[in-house]
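Chains as they are written, first to last, in the working numbering: chain A, 1 to 292; chain B, 1 to 192.
If you are wondering where the hints come from, they were derived from the structure by calculation, not from laboratory data.
Hints may contain errors.
What the hints assert, rightly or not - Below 27 Å or equal to it, Euclidean Cα-Cα: the simulated DSS-like pairs (lysine-lysine) are:
1. Lys184/B to Lys167/A
2. Lys143/B to Lys37/B
3. Lys154/A to Lys227/A
4. Lys227/A to Lys191/B
5. Lys191/B to Lys112/A
6. Lys154/A to Lys183/B
7. Lys112/A to Lys97/A
8. Lys37/B to Lys64/B
9. Lys283/A to Lys86/A
10. Lys227/A to Lys183/B
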Amino acid sequence: MSERLAEQLFEFIRSASTDLPSDVERALREAQAKEAPGGPAASTFAAILDNVGMARRNVTPICQDTGSMIFHVHHPVGLDTLAFHKAIETAAERATKSVLLRPNAVNPLTGKNSGTNVGLNAPFVTFHAWEKDEVRVKLMLKGGGSENVGTQYKLPDTALGAGRDLKGVRKCVLDAVYKAQGMGCAPGVIGVGLGGDRSTSYLLSKEQFFRRLGSANEDPELDAFEKQLHADLNTLGIGPMGFGGRTTVLGVFVGWQHRHPATYYVAVSYMCWACRRKEMTLKNGEAIHDPA
Amino acid sequence: MIRLEIPIPEAKIRELKVGDLVHLSGIVVTARDAGHKLMVEERPRFLDDLLREGVIYHCGPVVKKEGDRWTFVAAGPTTSIREEPYQARVIESYAVRGVIGKGGMGEATKEACRRFGAVYFHAVGGCGTSIAQSVKEVIAVHKLEEFGTPEAFWVTRVEDFPVIVTIDSHGNSLHDQVRAESKKVYEALVKG
Numbered sequence: 001m002s003e004r005l006a007e008q009l010f011e012f013i014r015s016a017s018t019d020l021p022s023d024v025e026r027a028l029r030e031a032q033a034k035e036a037p038g039g040p041a042a043s044t045f046a047a048i049l050d051n052v053g054m055a056r057r058n059v060t061p062i063c064q065d066t067g068s069m070i071f072h073v074h075h076p077v078g079l080d081t082l083a084f085h086k087a088i089e090t091a092a093e094r095a096t097k098s099v100l101l102r103p104n105a106v107n108p109l110t111g112k113n114s115g116t117n118v119g120l121n122a123p124f125v126t127f128h129a130w131e132k133d134e135v136r137v138k139l140m141l142k143g144g145g146s147e148n149v150g151t152q153y154k155l156p157d158t159a160l161g162a163g164r165d166l167k168g169v170r171k172c173v174l175d176a177v178y179k180a181q182g183m184g185c186a187p188g189v190i191g192v193g194l195g196g197d198r199s200t201s202y203l204l205s206k207e208q209f210f211r212r213l214g215s216a217n218e219d220p221e222l223d224a225f226e227k228q229l230h231a232d233l234n235t236l237g238i239g240p241m242g243f244g245g246r247t248t249v250l251g252v253f254v255g256w257q258h259r260h261p262a263t264y265y266v267a268v269s270y271m272c273w274a275c276r277r278k279e280m281t282l283k284n285g286e287a288i289h290d291p292a
Numbered sequence: 001m002i003r004l005e006i007p008i009p010e011a012k013i014r015e016l017k018v019g020d021l022v023h024l025s026g027i028v029v030t031a032r033d034a035g036h037k038l039m040v041e042e043r044p045r046f047l048d049d050l051l052r053e054g055v056i057y058h059c060g061p062v063v064k065k066e067g068d069r070w071t072f073v074a075a076g077p078t079t080s081i082r083e084e085p086y087q088a089r090v091i092e093s094y095a096v097r098g099v100i101g102k103g104g105m106g107e108a109t110k111e112a113c114r115r116f117g118a119v120y121f122h123a124v125g126g127c128g129t130s131i132a133q134s135v136k137e138v139i140a141v142h143k144l145e146e147f148g149t150p151e152a153f154w155v156t157r158v159e160d161f162p163v164i165v166t167i168d169s170h171g172n173s174l175h176d177q178v179r180a181e182s183k184k185v186y187e188a189l190v191k192g
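Bound-form chain B, shown alone (with noise of 0.2 Å):
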């Protein structure tokens, strides 16, 4: 298992490799679907200091406020296909180094991973109440009226947050080797 830092340095980000178990501490920002839209067509300035060498998170939280403080209640990721069409503008734009989703990108994050320094994160997806137990605080939150829950953006501070990478700097993805294999074996079952 490797500890990472966040912001983490781009030399740091090419060590990984797909596989690798990882533990990430430091600001990490949710963003989802309304979030990846403005970030690509308004391109805000409130995000720079958080999002470079940073580490954004599809993810639309369970919280609760007590008094002016918001907690995780549950918050796994969510399914980060749908931000295909903005991740690899992000990952350039504002120059991130990690993105943790789940289920996987496309080609067009892989590329952008591998010429930008920056690596594809999976969290177990369902595990809403053990990963909130990584969030140790909520520091603001952004259009919380605007885009609802789900959707605004969370910077929050982690602590040892689990995850895989699944693709890497190097052009390397998980995803693409279980697919290819998964494909061997369905056209051998349809066929029989």
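One chain only, chain A, in its complex shape (with noise of 0.2 Å):
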């Protein structure tokens, strides 16, 4: 299976760094259309706008930080996931080499980059048995920039007077959001991972952003609980890039799991408006891509 999957990881990861999914496009012209004309907001979105365009047509990634891979693997009983693994890294490699990715594995003693984007844990897989009688693959691909402004808390906490329950968790957001201003390469989309320990947490939150923008929470109450915020966080006027405006977020997603009883974890991941991320299902040795 190997040659044709890591051929077809390829054109995935291809996919991924060049083509902003179209929802997070319509959000950004949304944005633009609500900034007055001519203004350093209006005209950044105008750059990121021509910017997405730009990088769909000629192929070429929408960012030279193509981010650190995270692959969720579903897949069903039986596969055989240290062939899969090794395809995604000879994808991961080849991607490197065809200049669709920047290599972005380091090693933290020496400082010597691996050159391939493949090293320790990177990318990072994760493998998901289930009954379906297909793979189900999804590719996140996620900015350093935006990495280092993510942040957890552990409540209650003190300084920021916040509890255990929805109301301390906004103050989490409310405080990671205004904090990164625009450095996470607002505006942002914001994942939020309740409970759990401290690296599942982190694991859920940014979870979050195979979301679609404008997608509902299952939870009713949860629901009303993005919605308000993501209104409440636009009126922070942070904007693009930090400059100022009306959007500072383009989407807040919370996602829950259980906690021990004695910690209580609030992640918040931020990701950059470049939301690249992909989603296939491999049946019968076909590659489907959801749409765009």
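With the hints as a guide, bring both chains together as one complex.
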């Protein structure tokens, strides 16, 4: 399976790096229309949309920071996950050679860049067996600038006056987005993970980025919470790149998981406006990409 | 929109104000974390002529090599604040007139801009492909082997590179203004 699969994964990476999802582009257009023509905010959105179109036409990376690759693979019982992982690494190497990805895997001890985007936990891949007879692959390219403004809270938080409830969670998110200013390449998408432990809360917060902008939360209470928080965050006035403006975030998505009685973590992850994520299904050897 | 040729004389820099839209043309040198550390700790001489009244760009590009010729494929700005511990000394010691990046910089850089006549130019983050169109030529690359692609010093010739002045040479910062305004809203939201 591996050569054909590596080729399919290469195409998948190419599409993630060069073709911004349509819901994100639409949200950026709507944000542009809300700004005064000629000002820094409007001209920034114009530059962003111009770049998105050019990257798609030229098949070149939307952003030179092509991020860290995060793959989630759901698969039937019995899939050879070692071979699948190898195919992902082959595809990543090829995509790097084809300048669709910048080499972004650096050894923290030596400072040496692997040059291929392959290294320890690079790409980061998780496998999950399921009952379906098809493989589902999700990929996110997570930029470093936006990763640096992500943060995690442990409730209760005395400094914020945040307790172990949604009111407290709201304070955490407001704090994180205020502190991020434009540094995560605003307007960003905000992913929030409630519960779990230190590591799983961050994972859950990033999984939220696979939700399409404007999609409703399955939980009615969380859905209302997300919508109100989205509106509130956009009154901060931080705007695109932190130049000031009416759109500071493109969306807020909250997921939860069970927690240990002694802990209550709130992880807030920030995805830059270049929200690069793709999903595809592999069935009978065919790769079917989700509609852009 | 203001057009500026690099090298930029101090008088031209002093005319710039926060919020000005500028198109830059001339030699621009990329430098990131490893580059700034080197410029401060070892003060190499090979950058002197390139940076005198010149412009540094916080960028780790995606590059392509065909034969001996390099081109930039995607080249938007990286987060500048990581260079805050070094930037003021680099501006002073190399007589830099402009720093291009994203996200703004801190008090020490703002003060160096005021004292030595420099500005911070903000490019639009994420616009890798379109900004690469402004990079007309890669003239040279330094420290490529040692630092890797993103961190190397790429010496480029740019034409009409679009930027916005967000820290000027008079002590003003758009980032300070936006932070102060958003802080008021934040405090009201947290109380509500």
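Report task. Could you grab the alpha-carbon distance between Lys184/B and Lys167/A and see if it respects the 27 Å cut-off? Result -> OK: Lys184/B and Lys167/A at ~19 Å, within 27 Å.
**Report entry** Pair hint outcome, Lys154/A versus Lys183/B [Cα-Cα no greater than 27 Å]
**Finding:** holds, 23 Å
Query - Agreement of Lys227/A and Lys191/B with the hint, judged by alpha carbon distance not exceeding 27 Å - result: With Cα atoms ~19 Å apart, Lys227/A and Lys191/B stay inside 27 Å; holds.
Query raised in the report: For the pair supplied as a hint, Lys143/B and Lys37/B, is the alpha-carbon distance within the 27 Å limit?
Result: Answer holds: Lys143/B to Lys37/B is near 13 Å, not above 27 Å.
Requested in this report: Take a quick look at whether Lys154/A and Lys227/A sit within 27 Å of each other, Cα to Cα.
Outcome: Cα-Cα ~23 Å, so holds.
Query raised in the report: Can the restraint linking Lys191/B and Lys112/A be considered satisfied, given a maximum Cα separation of 27 Å?
Result: This hinted pair is violated, its Cα atoms lying about 47 Å apart.
Query raised in the report: Lys227/A and Lys183/B: Cα distance at most 27 Å?
Result: Holds. Lys227/A to Lys183/B sits at ~21 Å (cutoff 27 Å).
Query raised in the report: Is Lys37/B close enough to Lys64/B, meaning Cα to Cα at most 27 Å?
Result: holds, 26 Å
Query - Straight-line alpha-carbon gap Lys283/A to Lys86/A, limit 27 Å - result: Distance ~19 Å between Lys283/A and Lys86/A Cα, so the pair holds.
**Report entry** Hinted pair Lys112/A and Lys97/A, Cα distance within 27 Å
**Finding:** holds, 18 Å
Comparing the model with each numbered hint stated earlier shows that hint 5 is the single one that does not hold.
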